[in-house]
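Protein chains in written order, with the working numbering: chain A, 1 to 161; chain B, 162 to 823; chain C, 824 to 1004.
If you are wondering where the hints come from, they were derived from the structure by calculation, not from laboratory data. Using N, Cα and C, we set each Cβ at its ideal position, and we do this for glycine too. Incorrect hints may appear among the rest.
What the hints assert, rightly or not - Simulated crosslink set (BS3-like; lysine-lysine; CA at most 27 Å straight-line):
1. 924/C <-> 861/C
2. 543/B <-> 852/C
3. 110/A <-> 879/C
4. 110/A <-> 861/C
5. 861/C <-> 879/C
As the list claims (entries may be wrong) - One-sided and incomplete, this derived list gives chain A residues near chain C with beta-carbon spacing under 7 Å:
6. 47
7. 48
8. 52
9. 72
10. 99
11. 102
12. 140
What the hints assert, rightly or not - So these bits of chain A aren't anywhere near chain C, every CB distance computed over 12 Å:
13. 32
14. 34
15. 43
16. 57
17. 68
18. 82
19. 111
20. 135
21. 136
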Amino acid sequence: MFDRRLASSRLLAVVLAALLLALGLGRAAANEAAPAAADPALEARMLAITAELRCMVCQNQTIADSHADLAVDLRQQVREMLQKGMSDQQITDYMTQRYGDFVLYRPPFKGSTALLWIGPGVMLVAGLSVLVLVLRRRSRMAPEQFEADEAPTPESERDPA
Amino acid sequence: MIPELGHFALWLALGVALVQGVLPLWGAARGRADFMALARPSAYALFVLVSLASACLLASFVRSDFSVLYVASNSNTQLPLPYQIAGFWGGHEGSLLLWVQMLVLWMVAVALFSRHLPQAVQARILAVMGLVSVGFLLFMLLTSNPFDRLFPAPPDGRDLNPLLQDPGMVFHPPTLYMGYVGFCVAFAFAIAALIGGNLDATWARWTRPWTTVAWMFLTVGIAMGSSWAYYELGWGGWWFWDPVENASFMPWLLGTALIHSLAVTEKRGSFKNWTVLLAILAFSFSLLGTFLVRSGVLSSVHAFATDPRRGLFILAFLTVVIGSSFTLFAWRAPTVGLGARFALLSKETTLLANNVLLMVAAGAVLLGTLYPLILDALGLGKISVGPPYFDTVFLPLMAPTIFLMGIGPMARWKETALPDLAQRLKWALGVAVLAAIGTGWLAGSIHLLATCGLLMAYWIICSVATDFWERVAPQGKGFAELRRKTGQLPRALVGMMVAHLGVAAFCLGVTLVKTYEVESDVKMNVGDSTTVRGYRFAFKGVQQIQGPNYDATRATIEISRDGSRITELSPEKRVYRVQQNPMTEAAIHPGLTGDLYVSMGEEVEGGAWIIRVYVKPFIDWIWGGCLMMAFGGLLAVTDRRYRRKAAASAQSANLLAQGATP
Amino acid sequence: MKYLRYTLPLAIFLGLVWFLFQGLFLDPKEVPSPLINKPAPAFALEQLDQPGASIKRDDMLGKVWLLNVFASWCVACREEHPLLVQFSRMKLVPIYGLNYKDERAAGMKWLASFGNPYEASLFDHDGRVGIDYGVYGVPESFLIDAKGVIRYKQIGPFTPEAIQTKLIPLVQQLQKEAGHV
């Protein structure tokens, strides 16, 4: 005679097993995604280098970010050069040999760009010097050459700045 | 018919602008009240005419009238309505009309809100603004007419550049222009004062609110542009030191210097020449920016389509306006008085040092932006100057500026003692240093550059707190006293504190995101997931969808943390049907402590997709900080003293007019 | 001389205007080649129509020659091509084509349709030789002398003016240098 309870518990077992199997299969299929690049460390180095290089065919974009064909080719070129063991400086030189200084977003320090690099520092020193000189000169002037302070009014007292 | 009406309105506007530019100036010079009285009505008439022209252009866009060349180049029947409207300023000609529209808006505001000014002064100010508008109207009518017709009219337009089809586009240019163009008011005040010889503390008091409001708009406008680049361009960057970005940033730096310089001139009547020069410079840089963007002289993603003839016209206009302003300055400045005296160490000095630093910063940005052009013009070759240069040069300039931000508000007018300052600020410095190091430790890694950035932010916060405490400390009388004193703080003071805290928030955002952001590029099949910084990004699926004027592939990414679901993001890869350009739409989950940013890369073999995942801590504090700065400006401008003073001055002006002695 | 310092802003501004004026006549995107007066980079490429046969850079030593970079997908090349075909008939200097980032079939078909001014065409499928020559915008052309040194680069398509005023005189000068009369 078919034992109903045995049959139903067997059915339950089969169903449970099937469920577990499905879940197990499902978990195995939901993978941890692999990095897009074959070698993430190399990729990071490539992006760091190409982030300072200008895309020659774009309006104003780095080789790292541009979708242009030339940029894609050059990124691949840089990957290969890094794999060959070339240094950052060698890769930059490779680029400037072919495209000139225009390809560098960080202008090299040479005669023609000296003014560019030291300019801000010079302006700062000059500006602060002029300020100090003018203030010193003012402090040596007689009080009569200045305008009198406005008499303090309740409003100006509250005036914070 | 409508475009012709708009075109005609512009010609009429030119006529009115000429009247407004010439007669009131003449009247002020000769004391002719009837000529001077023309200034306000002309300004109102100019506003009506330019607004009419704008309405006609807008109508042409909304009606999709492709017989208008400009509409055909920037719109399309399938373009959603908000972008049809934004198409108005999508190209060169329309954006010029927007420029003039903003100018006349400011003109009307000046006409309405400066009744307390002496008539000659008001006449001169409106006349100067009128002359500027003459230049722009002439430029439009002679070289860049937005109402040019196209026959035969094409059945459909070329569509608005897809990069511009975005809410940011609807608000960013108008806000930016309100700022740029708003500096024309301070400029006009300065020129009027130089001509009329009334350069004094009162002049500074009048000029200040106008400058602050323009500065507010410019701050928000730049922040909008930056945030738009962030979410629209798909690679998570928000500032590239692009020539056009720099063209808006330089006026901002000068405008900030101007606001602070006006404070000195208003309070103490000192350094008037310097303030006037800054007012001229700020607007000059606005005009220079207009030139750089439209002349083809620099290469930028933002630049409008160019034509040497246009570039020549703007350059000539620039030369006339700025050249004559500087000539006027050279002539009149030596006659201006010195103002009140102050010591070598005083609040005045800190504000002036702030000015010098901001000017040098603007100068550095100008140098970097124009250097490639300078070398090329000298035949010395072609170079590029990009973010590596600007970052290297700009940041060291900001450090002392921010250091001063802590000291300036605490210094006293006229004279302040160093030991006194040091004593009052030593706790602020100490806490700031500890907080900077502590934040790095909490974040998991301490870096030198990051600690410097954090130190700057915390220094501002601590010094503002110190300043605040000094003013409201209840001195033993309890919480009620504290509240009372806080309520009594002048709104302008609170505005300053809020604006400075905005700078601190900005610094925090920049430092934290640059130091601790994470990018992860992964190859995902449907069902895969990746974990970045504890956030799990699961690729749920891809589907093809159809937008109003584009077709797209949309991915669904579910984000969870510690098992609980946070949100679902839907980045897209779109192809806009008309211009057939591919565009990447990133999907962002913003948050107070950081953004989760996902964008789609290429599809690879096997139906997998390259997905880029970014975790950007505190990045929204960058734009939040900018909004705080602008809000601080708003508080300062709505301070009671302006409203009361305006009423009092109006009263005394009335008495004067009636012949009574005040 | 107190007034001198007040004229400083004006002076600086006028200097700036001069530069901006110059800038209106310059093209910020036209980048001169750093390879001028440097040896032409080495290459060894298959011919476009003969996959087996290849040409090396050193094969070209001893004669002045023009290298023209073209592609079937390049729109501006179509503008330039008739000029090149006409120029090639003058037989002043041999022209070699560099078919850049193209497919063989497409390249050959393009030449069949629009004319073939080249002694031979080199097939640069992956664009590596193009990169070595600093090519960034097609079409570009390089005039190389008998010693293998690049003496002139034409960025963008040739114009009749450029051929008349720049190319032909230089070709004649270089050939004289090399001993051809």
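Outcome of the hint check:
Taking the CA atoms of residue 924/C and residue 861/C, the gap is about 24 Å. The hint holds against a cut of 27 Å. Distance restraint check for residue 543/B and residue 852/C: the Cα-Cα separation of roughly 9 Å lies within the 27 Å cut-off, and the hinted pair is therefore satisfied. Of the pairs offered as hints, the one joining residue 110/A and residue 879/C is violated, with about 36 Å between alpha carbons and a cut-off of 27 Å exceeded. Distance restraint check for residue 110/A and residue 861/C: the Cα-Cα separation of roughly 21 Å lies within the 27 Å cut-off, and the hinted pair is therefore satisfied.
Our distance criterion of 27 Å between C-alpha atoms is met by residue 861/C and residue 879/C, whose separation comes to about 17 Å. Taking 7 Å as the C-beta cut-off, the interface hint given for residue 47/A is violated, the closest approach to chain C being about 19 Å. Checking residue 48/A against chain C: minimum C-beta separation of about 20 Å lies over 7 Å; hint violated. Given hint, residue 52/A at the interface with chain C, is violated; its Cβ is 17 Å from that chain's nearest Cβ, farther than 7 Å.
Against a cut-off of 7 Å between C-beta atoms, the interface hint on residue 72/A is violated, since the closest Cβ of chain C lies about 10 Å away. This hint holds: residue 99/A has a C-beta 5 Å from the nearest C-beta of chain C, less than the 7 Å allowed. Satisfaction of the interface hint for residue 102/A is found here, the shortest Cβ-Cβ separation to chain C being roughly 5 Å, below the 7 Å cut-off. Violation of the interface hint for residue 140/A is found here, the shortest Cβ-Cβ separation to chain C being roughly 16 Å, above the 7 Å cut-off.
A cut-off of 12 Å between C-beta atoms confirms that residue 32/A is not in contact with chain C; the least separation is 34 Å. Against chain C, the non-interface label of residue 34/A holds: every CB pair exceeds 12 Å, the least being about 26 Å. Taking the minimum C-beta to C-beta distance to chain C, about 20 Å, the non-interface status of residue 43/A holds against the 12 Å cut. The Cβ of residue 57/A does not lie farther than 12 Å from every Cβ of chain C; its closest approach is about 5 Å, which violates its non-interface assignment.
For residue 68/A, the shortest C-beta to C-beta distance to chain C comes to about 9 Å, within the 12 Å cut-off, and the non-interface label is violated. Residue placement check: residue 82/A keeps its beta carbon more than 12 Å from all beta carbons of chain C (closest about 16 Å). Distance check on residue 111/A: its Cβ is at least 16 Å (rounded) from any Cβ of chain C, clearing the 12 Å threshold; non-interface status holds. No beta-carbon of chain C comes within 12 Å of the beta-carbon of residue 135/A; the shortest separation is about 15 Å.
The Cβ of residue 136/A sits about 16 Å from the closest Cβ of chain C, beyond the 12 Å cut-off, so the non-interface label holds.
Violated hints for the displayed structure, listed by number in ascending order: 3, 6, 7, 8, 9, 12, 16, 17.
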